[in-house]
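There are 2 protein chains.
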Amino acid sequence: MNDRLRLVALGEQPADLILKNGKIVDVFTESVFEGDVAIVDGYIAAVGSYDNAKEIIDVQGQYIAPGLINAHCHVESSMATPEAYVKEELRWGVTTLITDPHEIANVMGTDGIHYMLQAGSHMPINYYVEAPSCVPATPFEHSGCIMHAAEMAELLSDAGVLGLGEMMNVPGVLMGDAEVMKKLKTYQEAGRVIDGHAPCVTGKQLQGYISAGIDTDHESISWDEAKEKLRSGLAVLVREGSACHNLKAIIEGAVKENAATSRMAFCTDDKHLADIKNEGTIRHSIQLASELGMKVEKAIAIGSLNAARIYGLKDLGAVATGYQADLVVFNNLEELIPSYVFHKGQDAWKLAIKETWIEPGKMLRGSVNIGGEITAASFGLEHFDADKTYSVIEMVPGEIYTERGAISGADIPSALAKNELCLIAVVERHHATGNIGLGLIRGYGIRNGAAATTVGHDSHNLLVVGTNPENMVVAVHALQMCQGGYTLVENGEVVDTLPLDICGLMSSIAGDILSEKLEKISNRAYAMGVSPWFDPFISLSFMALPVIPKLRITDIGLFDAENFKFIS
Amino acid sequence: MNDRLRLVALGEQPADLILKNGKIVDVFTESVFEGDVAIVDGYIAAVGSYDNAKEIIDVQGQYIAPGLINAHCHVESSMATPEAYVKEELRWGVTTLITDPHEIANVMGTDGIHYMLQAGSHMPINYYVEAPSCVPATPFEHSGCIMHAAEMAELLSDAGVLGLGEMMNVPGVLMGDAEVMKKLKTYQEAGRVIDGHAPCVTGKQLQGYISAGIDTDHESISWDEAKEKLRSGLAVLVREGSACHNLKAIIEGAVKENAATSRMAFCTDDKHLADIKNEGTIRHSIQLASELGMKVEKAIAIGSLNAARIYGLKDLGAVATGYQADLVVFNNLEELIPSYVFHKGQDAWKLAIKETWIEPGKMLRGSVNIGGEITAASFGLEHFDADKTYSVIEMVPGEIYTERGAISGADIPSALAKNELCLIAVVERHHATGNIGLGLIRGYGIRNGAAATTVGHDSHNLLVVGTNPENMVVAVHALQMCQGGYTLVENGEVVDTLPLDICGLMSSIAGDILSEKLEKISNRAYAMGVSPWFDPFISLSFMALPVIPKLRITDIGLFDAENFKFIS
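From first to last, the protein sequence lines are chains A and B. Be aware that the first sequence starts at 1, since it is given in the working numbering, and climbs by one per residue. Be aware that the second sequence starts at 1, since it is given in the working numbering, and climbs by one per residue.
The set of hints was computed from the structure by calculation and includes no laboratory data. Don't be surprised by glycine CBs; every beta carbon is placed ideally from N, CA and C. Hints may contain errors.
Unchecked claim - Below are the DSS-like pairs computed for lysine-lysine, each with C-alpha atoms no more than 27 Å apart in a straight line:
no., chain 1, residue 1, chain 2, residue 2
1, B, K185, B, K314
2, A, K388, A, K550
3, A, K185, B, K344
4, B, K204, A, K54
5, A, K204, A, K182
6, B, K23, A, K256
7, A, K204, B, K54
8, B, K248, A, K295
9, A, K185, B, K314
10, A, K550, A, K204
11, A, K350, A, K23
12, B, K344, A, K204
13, B, K350, B, K23
14, B, K182, A, K314
15, B, K295, B, K314
16, B, K204, A, K20
17, A, K204, B, K20
18, B, K204, A, K314
19, A, K344, B, K204
20, A, K248, B, K295
21, A, K295, A, K256
To be verified - With the C-beta cut set under 7 Å, the calculated list includes, among others, these residues of chain B facing chain A:
no., residue
22, D3
23, L5
24, R6
25, A9
26, L10
27, F28
28, T29
29, Q188
30, G208
31, S211
32, G233
33, A259
34, S262
35, R263
Whenever a hint applies, use it, and build me the whole structure from the sequences.
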């Protein structure tokens, strides 16, 4: 309780700042009304007709909305440092970020999480971390670190840790695995929000999964899937990222059925920095939803108040007295271009560009540690028998789930030569075990070359795809040299490399330059034939994530992600 | 976390009970779908297709909705014991009650509150108490007890105490009164919900009031008032009781403007037992809202999930896994007649009728303690000068707020004789001070008689209205004799009395008989001319409540409830 709010509200004391002549986006009734916003001590003291302030900004009829909330993301997936990432989010009006640092945790465990917390928390944004629940995501792969229930419990006391990150181990939950249950119980008893991850889980299995105390899910790809989850009590985080575009299907369904939306929020999960720079995150989701026929005020509520409520952030998400003064002023509700972004009543962008960055420390550099020598034989055709049939990962345009195809061993050489098929391999890169998982993939599209990345969800081993073993070896060596990143090889030569010096996941170069470099390497990949339906590197990095159906590859081998077993 | 939920959800263990072949009211998307509800250990394990159970009830296509929530009421206003009151609520599907026992607290302080807690908590309902914040409501009257911030803080540790009851002392909040602020701060810091009470408060004053940490309000009488409060961040509890009928105006407005409703709940505030018996409470509100064009699923969400969220009751308000198995099975969504009501998975009605009642104890009886002798001179016309002008309380049909009228002293005798005007008096009845406040009232309608009650909000002094002093004296004596209740006098004779033996507020006789007696005495009052726009006794009892505009009467005198001062 702060007496100054009351005195400013009553007009008896000057506000620190008044935003004058605004159109207030009221996320409670989902409508707009005219008014001024009086701010004191970082909080909204009042909305109405106010003049008494130390500073007045006339917003001249522009729209004053609550600061937006990205309800679920992995900052590491932007490949930028938390500082650089936050700047891009702030630029487009996101003032609250809920991030699950499970990428870095898979490489560096709690040291990685603490770096992410430290680097995000000094920025002018509400920066919350969901403690990664599944490191590694499954027992079917080798990550840099394993996080046990005991370490998860310790994280509870860290300021900035909001809840438990996405519980991807659906079979573990359904079987009542002791370690999984311990993690859930610890966070549940502490009253924290538990994020779920239940792609295509339905019926009795969905009921069983949720009954263990799961609160949210961001994996729905259709309205039917989202509706079943909503009905079952999950909050649905509608995902619109660089690789996953789920918003259209879900929002179209919700609009068509005039469904209540108070248990829906927006999130990106994984979105490239260049994409964020171009269009923002939640602001982009709001715009898409509005274009699909949703009332824009409702879409803004989904992108602010709803997320705040789902995550128990009581004083965030609305333009009303007592709420933290996190605000975005939009030029209008069609273009949604921010004129101002405030965090705790202060110009967040101005503050952000003044912030110096936190040095990640040597421990987080030099994370690529491959066992043995990688040669063409590591990926060679000698691994395939001509008289056997092999499963093929079939990429699905615009999606991260995959179908399961097949090819006879005899047809592999010609399919590779015709660029209709690629080899794909996961090279363990944390503990020099020498593990290599080798498989086949269709639909990626690259011609006469290879692409490789040390971003390989979620264990972040080195993932390489190519039209022949020779190109792949060159790619692997390039990433060994620079200690992680993205690389492209064409006809045996490296044509571009983007180093990701922090854990092989993130770059410590400035956000703008990083975006340019990312755009350049991506464009080069498209020029080499990568399908326009995929992000050349983000989509690729999901091919190693064994919790998403149907077929994946890990450092242990080709994996059936529906039945949770390797394909022999 | 309960493993059995998961095992039942997966179909691996039998449920305790399955409600088979239902239409599930989904309050998340506000729609209906077909399914079975599997219950174990008092919780919903799953919704879907289920058969494995110890007991199966085939609901044959009827509608399974969440148990309803009455978000704000004063059980004492039913004049029944908590046990009798709860039975009537259960009959119509309310499984969660949030009650503010400020009536009994005004008579007996924490002893009264503890009785209400004890008597409600053993019933098969979720019985929550909001700790009365304003006992007495204002310093402008004398109640039986004064509750200070220190006593309020002690109540925090009582199981069953949910938050702070309606903060009616708006001027105290706006002026930052130390005692008021202490109460608010104590409950705010404990993370509890703080109920507000801000009739007609608007603009800067509303902003100032809310900024002190108020969460809810149930006093809106128009959509414009409700909308301003919603926009300002308050949860609006739409009131539909015996005396106050605010639902139509608010819901019509919300429907017309297609406003989002997630911050709206339903409540009764004060509703007579007979009215509850006839039509229920929240179920009646849902029906009214539906008749006004609101989607019935949305109205049910307002009457269940929304209230649960507003009050932070995380596992109440929905038919979904992990929620407490509080359910009401309605025959259809037009008539809304409950076929079954479950609390924690058990037939609540069957449990309720088996419960014995808690004896209130002698201390709560014998509460009428009037000082000096009451004679006709106490209320006589000698109190009015012929050459002065007097303010008159003008009752407004269907409302509890009043207008302020006037009459010249010379005109009083004839107006009384013609039954166009009544005398109204508040006789202090707790500490025998001999205080009497005397005034004039128009619009009540009684002819050639008097009505009196020891229910006089909120200090519960003895309130008597009559067409001449002689009738009023007879009425006062009748209530002295029976130690509180309602009485009616016609031409100098008592024609009916309903004793309210518990604190002069509640009757310990069974609910059904009480309802009959209430109906009888009310009908008699109407026969004596009381306006059909009012409840003869409930409406009357509000004439003493100095926190509702415009004019009220207390034991100290006639009170200007807009400017918070007595009228000399």
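Going through the hints against the structure:
Taking the CA atoms of K185/B and K314/B, the gap is about 23 Å. The hint holds against a cut of 27 Å. Only pairs whose Cα atoms come within 27 Å are accepted, and K388/A paired with K550/A is accepted, the gap being roughly 21 Å. The hinted pair formed by K185/A and K344/B meets the criterion: a straight-line CA distance of about 22 Å does not exceed 27 Å. For the suggested pair K204/B and K54/A, the alpha carbons sit about 19 Å apart, so the restraint of at most 27 Å is met.
For the given pair, K204/A sits about 22 Å from K182/A by alpha-carbon distance, which is consistent with the 27 Å threshold. Under the criterion of a C-alpha separation no larger than 27 Å, the hint pairing K23/B with K256/A is consistent with the structure, at around 21 Å. Of the supplied pair hints, the one linking K204/A and K54/B holds, its CA atoms being roughly 19 Å apart against a limit of 27 Å. With a C-alpha separation of about 25 Å, the suggested pairing of K248/B with K295/A holds against the 27 Å cut-off.
With a C-alpha separation of about 16 Å, the suggested pair K185/A and K314/B falls inside the 27 Å cut-off, and the hint holds. Of the pairs offered as hints, the one joining K550/A and K204/A holds, with about 20 Å between alpha carbons and a cut-off of 27 Å not exceeded. About 23 Å separates the Cα atoms of K350/A and K23/A, which keeps this hinted pair within 27 Å; it holds. For the proposed pair K344/B and K204/A, the alpha carbon gap of about 22 Å is at most 27 Å, so the pair holds.
Among the hinted pairs, K350/B with K23/B is consistent with the structure: their alpha-carbon atoms are about 24 Å apart, no more than 27 Å. Note on K182/B and K314/A: the hinted pairing holds, with a Cα-Cα distance of about 21 Å set against a maximum of 27 Å. As the CA atoms of K295/B and K314/B are separated by approximately 24 Å, the hinted pair is consistent with the 27 Å bound. Using a Cα cut-off of 27 Å, the hinted pair K204/B and K20/A holds, with the two alpha carbons roughly 15 Å apart.
Between K204/A and K20/B the CA atoms are separated by roughly 15 Å; this keeps the pair inside 27 Å, and the hint holds. As the CA atoms of K204/B and K314/A are separated by approximately 23 Å, the hinted pair is consistent with the 27 Å bound. Restraint check for K344/A and K204/B: satisfied, since their Cα atoms lie roughly 22 Å apart, inside the 27 Å limit. For the suggested pair K248/A and K295/B, the alpha carbons sit about 25 Å apart, so the restraint of at most 27 Å is met.
Proposed proximity of K295/A and K256/A is supported: the alpha carbons are some 12 Å apart, at most 27 Å. About 6 Å separates the beta-carbon of D3/B from the nearest beta-carbon of chain A, less than 7 Å, and the hint is met. A distance limit of 7 Å between C-beta atoms decides the matter here; for L5/B the minimum to chain A is near 4 Å, and the interface restraint holds. Annotation: interface hint on R6/B holds; nearest CB of chain A at approximately 5 Å, less than 7 Å.
Given hint, A9/B at the interface with chain A, holds; its Cβ is 4 Å from that chain's nearest Cβ, closer than 7 Å. The interface hint given for L10/B is met, as the beta carbon of that residue sits about 4 Å from the closest beta carbon of chain A, less than 7 Å. Hint status for F28/B: holds, given a least beta-carbon distance of 5 Å to chain A, under 7 Å. Checking T29/B against chain A: minimum C-beta separation of about 4 Å stays under 7 Å; hint holds.
Hint on Q188/B holds. Least Cβ distance to chain A is approximately 6 Å, under the 7 Å limit. Against a cut-off of 7 Å between C-beta atoms, the interface hint on G208/B holds, since the closest Cβ of chain A lies about 4 Å away. Among the interface hints, the one on S211/B holds; its C-beta lies about 4 Å from the nearest C-beta in chain A, closer than the 7 Å criterion. Contact between G233/B and chain A, as hinted, is supported at the beta carbon level, the nearest pair being about 3 Å apart and thus within 7 Å.
The beta carbon of A259/B is positioned within 7 Å of a beta carbon in chain A (closest approach about 4 Å), and the interface hint is therefore held. Here the hint on S262/B is kept, as its CB sits about 4 Å from the closest CB of chain A, short of 7 Å. This hint holds: R263/B has a C-beta 5 Å from the nearest C-beta of chain A, less than the 7 Å allowed.
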